[in-house]
Amino acid sequence: METPGSQSSLHRANLERVIRAVRLAGSLTQAEIARTTGLSAATVSNIVRELKNGGTVEVTPTSAGGRRARSVSLSGDAGIVIGVDFGHAHLRVAIGNLAHQVLAEESEPLDVDASAAQGFDRAEELVSRLIEATGVDRSKVAGVGLGVPGPIDVESGTLGSTAILPGWSGARPAEELRGRLGVPVHVDNDANLGALGELVWGSGRGVRDLAYIKVASGVGAGLVIDGKIYRGPGGTAGEIGHITLDESGPVCRCGNRGCLETFAAAPYVLPLLQPGHGADLTMEGMVRLAREGDPGCRRVIADVGRHIGSGVANLCNLLNPSRVVLGGDLAEAGELVLGPIRESVGRYAIPSAARQLSVLPGALGGRAEVLGALALALSEMGDSTLLDGTLSTSTPVFT
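Under numbering that gives the first Met the number 0, the residues of the sequence shown are numbered 0 to 398, in order.
What the hints contain is simulated information worked out from the structure, not anything from laboratory work.
The structure presented is a predicted model; accordingly, all values stated were derived computationally and were not measured.
Please note that a few of the clues may not be correct.
Derived EDC-like pairs: lysine to aspartate or glutamate, alpha-carbon spacing no greater than 16 angstroms straight-line [what the hints assert, rightly or not]:
hint, residue 1, residue 2
1, K51, D76
2, K51, E15
3, K139, D208
4, K227, E379
5, K227, E246
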């Protein structure tokens, strides 16, 4: 038995520190591992050698700063994680390994608002289908990341607003999916997962503080502070859509008037264009028409950008992030929306905060949330699992 402070317990702790650093980053050079963990270069070299001999990590030649280096990543067969993303109109599932490689991904239309049970049935079917198609060992499933389009109550695990998903009233998404799949399930809202996805794979790489803004049927933000998602004690941090812009404005679904959401979200802005474009216009269609030069769509997108910029300016004044990443269909409008956002930030934010801020479109498009779900599963799994080899001895119950 290891005793606290013994050489063996210290060695194991160092092994877990190295594994965690590599797991969260996907791959690191040995010099980067030393900087991340605070361990000496010699200690890192010995640990990497031990982990490589045990089959936990893979080491490949690379270069860093023009010099030869060795890139360390977790072994491709050390385990797999699953990402499940419920949108209001789609279900997307991805399977990845611990080396941050996506092995399979599939999306299908789904009216998530209608029924939680139907959504979970479809998710279970799609997960099983993808696992069978990839031929991965089911016993290697380390965990599942699950995204839902609404706030999650941290204490109860239930959706925090039945107004957003009325068909999910009382549902505990993580508990439900865990019972079906038999593996650990970690749940978060779609904006937080979008932030994680962009942080690990997209436009947020290389920064420690960012806000991911998603505009769709609602407006939400995922906040990353010092490299970690900030959720708040109740799990509702980032509800930027309910910043009040006009106390006499339209009534929001939250019960207040003039929320940012009532000036930017699809249910409020698309009707402005219906007289000339019909009732079937979508956010994606509005963006496409704007890029083709439609003056009405361009005007609406510019107005939306200015309103979002007002909300972003508030974030700058409060949190001073170094980067804002715009996700969802609206990001495809490029400078048609990003320019007005920057204009409002420059007008309303503290000058020093505005100067330090970069506003970028998301790099992952509609994949941000499901890749964020993979990142969530990767971040929540225990490193001792890899050292003890328990992944190969605990078989999930789903078939």
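Do the hints match the structure? See the list:
Straight-line distance between C-alpha atoms of K51 and D76 comes to about 13 angstroms, which keeps the hinted pair within the 16 angstroms bound. Distance hint between K51 and E15 is fulfilled; the C-alpha atoms sit about 14 angstroms from each other, no more than 16 angstroms. As the CA atoms of K139 and D208 are separated by approximately 33 angstroms, the hinted pair breaks the 16 angstroms bound. Of the pairs offered as hints, the one joining K227 and E379 holds, with about 12 angstroms between alpha carbons and a cut-off of 16 angstroms not exceeded.
A C-alpha spacing of about 33 angstroms is found between K227 and E246, which places the hinted pair above 16 angstroms, so the restraint is violated.
The earlier numbered hints that this structure contradicts are 3, 5.
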